[in-house]
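Chains A and B are the protein sequences, given in the same order.
Read the first sequence against numbering that gives the first Met the number 0 and you will find it ends at 323, with the numbers running on by one and no gaps.
Read the second sequence against numbering that gives the first Met the number 0 and you will find it ends at 417, with the numbers running on by one and no gaps.
Rather than coming from a laboratory, the hints here were simulated on the basis of the structure.
Just so you know, not all the hints are guaranteed correct.
[To be verified] With beta-carbon atoms standing in for the labels, derived distance ranges:
(1) A/Asn165 <-> B/Gln195: 20 to 28 Å
(2) B/Val272 <-> A/Asp166: 44 to 52 Å
(3) A/Pro245 <-> B/Ile211: 46 to 54 Å
(4) B/Thr50 <-> A/Phe90: 56 to 64 Å
(5) B/Ser9 <-> A/Phe110: 38 to 46 Å
(6) A/Ser142 <-> B/Ala179: 54 to 62 Å
(7) B/Asp307 <-> A/Gln246: 26 to 34 Å
(8) A/Asp166 <-> B/Leu150: 42 to 50 Å
(9) B/Asp307 <-> A/Ala89: 53 to 61 Å
(10) B/Ala402 <-> A/Ala89: 50 to 58 Å
(11) B/Ser9 <-> A/Lys241: 20 to 28 Å
(12) A/Pro310 <-> B/Glu56: 58 to 66 Å
(13) B/Asn15 <-> A/Ala118: 20 to 28 Å
(14) A/Pro235 <-> B/Ser377: 47 to 55 Å
Even glycine gets a Cβ: it sits at the ideal position worked out from N, Cα and C.
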Amino acid sequence: MSPILQGILTIAFGVGGCVAYFYGSNWVLDKVIFPPKPDDNGRNINRATIVRPWLFLFPAMFALGLYLVYPVVGSFYRSLFNRAGDEFIAFGNYTQMFSEEGFRIALFNNFLWVLVVPAAATFFGLLVAQLTDKLKWGNIAKSLIFMPMAISFVGASLIWKFVYANDPDIGIINALRDFFGAAPVDPLQIPFWNNFFLMVILIWIQTGFAMVILSAALRGIPEETIEAAIIDGANPFQIFFKIKVPQIMGTIVVVWTTITILVLKVFDIVYAMTGGNFDTEILPSYMMDYMFRDDGRATAVAFVIMIIVLPVMIWNIRQARKEM
Amino acid sequence: MDNIAGQKSSLSLVTNASVVFLVLLWLIPTVGLLVSSFRDRDQISETSWWTSMFPVESAFRVQPDAGGATQEGDVFVLTGNVFGEDGSGTVSAFGIAARTPGAAAPGQTIARFRVDVDKAGEIDNERIVVSYPAGEAPTFPATDDDGNAILADTAVLDRSLSIVGNGDFTWTSGKEISRAPSLYFIAESPPDFGLQNYRQILTSDNMDRAFINTLTVTIPATIIPILIAAFAAYALAWMDFKGRGFLIAMVVGLLVVPLQLALVPLLTLHNQVGIGQSFVGIWLAHTGFGLPLAIYLLRNYMVGLPRDIIESAKVDGATDFQVFTRIVLPLSFPALASFAIFQFLWTWNDLLVAKVFLPSNAESWVMTVKIADDLLGSRGGDWGILSAAAFVSIAVPLVVFFAMQKYLVRGLLAGSVK
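Build the full structure now, drawing on both the sequences and the hints.
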C-alpha cells in the first residue's frame, strides 16, 4: 500500500475513530449506563458527571502514559542491562560510561552548550526586542530574525556548513580571511573553538524565539514606570537596565530555561555538521551513536540527560501549581 | 532634560543602523545558500555567491575541426570562431599551451618558432614562443630564458594563433593540419541562474520521494494529537473532578521530558506489537510526543474563555459534549491554529524521531534524513545539489511560517509566559 493512501486512511481512521470514541462513549454513558430515570433523575446525572471527565481524558492520558511516562521507567530499567539486554549489570553501563573519555568530552561540551547558547540567544533576543521596540520597520526586522525558527536543524546546519566552507569562494568566513590575506581554515576542525561555531547555529535559530517572547514582555511593562524614569532624568541605558530588565526578569528566566531544555535535546546540528568528530560530541549526539548498537548504553545516556533536565521540570511544576 | 530632542535623533540613527546590521547578519547565511541553489554547479566553485551577479571568467579549450584548413603559400591556415557557429562571447585572452591559456591579448598573434640559439659558441635549435600584434612581423627577444643569444634570422614558423575579441581565430601551421589543434582562451561566461539543480534533485536524486514521505509523516501527526488533546484540555479546563491539579502538573512536567528517553523502550514496544519501524509507528510516536504541549496550550486558552457563555449553555440543558463541540472548540480556533503550526513545523523538521521510528532506506527517508544521511555523505561537496535540497525542505515551513506568523507568536507566548 502506498504511504500516501496509508496516510489518508490513517487520518480518516484516526479522526473518525476519535470522533466515534468521544461521541459514542458519551452516548453510552448518558443513554445506557446512567440513563436519566424519571424517579431518580439527579443521581444518575451526578454519576455520569463523575465519569465523564475520564472519558474525555482517557485517550490523551493513555498516549501520554505510554509514550512519555512509561519510557522514563522503561529506559531506566533497560539501562541496567547489558548491550544484548539479557544480563542485569546494575549500574555497569553508567560506571563504564563515566570512565570513558568520549562520554566525558560529550558531558563537558554539553556543559559549554548549556552555558553559552541560552545566554547568547537570550541576550541577542533581548537586544533585538529592545532595539526594534519603537522602530517603524520593527515588525519586518523581527520577522526576519524570527525566520530561522521555521528552518529545520538539518537545514540550518547545511546553511552554516556553507558559511564555514573551506573554499574562500564558497565560505564567507574564509572569504573574509582571504581578503585580509590569511590562509583558509576549517572552523569545524579548530579544537575547542569548533564547539562554539556549532553553537552559533543554535543561537541563530533560538534568538528569534527569545526575541518574540521578550518583545511581548517589554510591551507589557506599564508605561508609567518608564515615564516616571524619564521625568527623573534617567538616560536610555538606565531605563533599560534599571527599569525594564528587572520588570521582565521572570520572563527572561522562562526563556532561558526553555532554551536550556532545548539544548539538551538537539542532536541534529552536531550530527549533520561534524558527526561528533573533532571533539564536538554532545550528549544527545553521543546517545545516537549508541542507538541501534548498544541499547543499554543509549538508555543510560538518555537517563543522564533526564537527570540534568529534572531540576527544571520540578521548577516548572511548582510554578504551574502556584498559579492554580 | 535639555537637548533631549537631539539625543533622540542620534540614538534612533544608532538603533536603526544596529538593527540593519543584525538583520543582515541573520539573513546572510540563508541568502547565500538560496542564491547558490539557483547557480550553475561549476560556477559555484568558480566564484563566490556574493559576486554571482557578475560574469565568471574561466579558461576554455576548443578543438576546431581540421577539415577546413587551406594552404596559403608555404603555410597551412585554419580559420573559424572559438565560440562555434552560433555561439557568442568575448575573449579576454588566449594561448596555445594548456599551462598558459591567457598568454596573449585579443588582436595579437601568439606563435611558436624554431630558432637557432648561440649556446656559448655552440649553435643549438630551440623552440620559442612570442606574441606580437597580429598582421605585423614577429619581434624576437635578444636572448632566450637561459640567456643564450637568439639568431632571429634563422626563425622558422612552427605554428601561430591569432584570436580577436569576438572569437574569430586564425591558426597557422608550418606543416599540414591533419589533427584538430587545441586552442586555449579565457572568456567571460554570463551568470548562469536556473532551476537545473532543483530539476536534478527532484527527478534523479529521489528528493521527490522524500518530500512525499515528509508530507505523509507530517499531516496525520499534526491532526490526530489536536483532536485528542482538545478533549483532554476541555476536561482539564472546565470539568470538576478529583486529581485535576495533579494531571495538569503532570502535563507540565512531561513538557520537558527528553525525547531521547522514549526512543529505545518505544521502538522495542513497536517491534513487539508488530508495528516495527513504519509510518504507523512514527504517527503514534509524534502524537504521543506532541500531546503535552497540545494539552498545555489548549487548556491555558480554554481556561480564559468567558465563564458566562459556558455556564448559560449548561443551564439551557447542553451536555458537556455539546458545550465542547458547539462552543469551546470554535472559540478555541486561535489556540488550535497555534498548536497545529508548532506540531507541523516540529514534525516536518524532525530528524531524531524519523531516524528511529522509520526504516532507513530510500523508500521511507524523509527529507531531513535524506539530507543528513544520504546527500551530505554522497554529495558532500556538491553545493548546487545540497543547497537545492535544503530549500526544497525549507520551502513549505517558510511559507507556513510567514503566512501564519500571528498564530505562531501567539502560541509561543501562551506556551512560555506564565
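Hint numbers the structure violates, sorted upward?
The structure breaks none of the hints.
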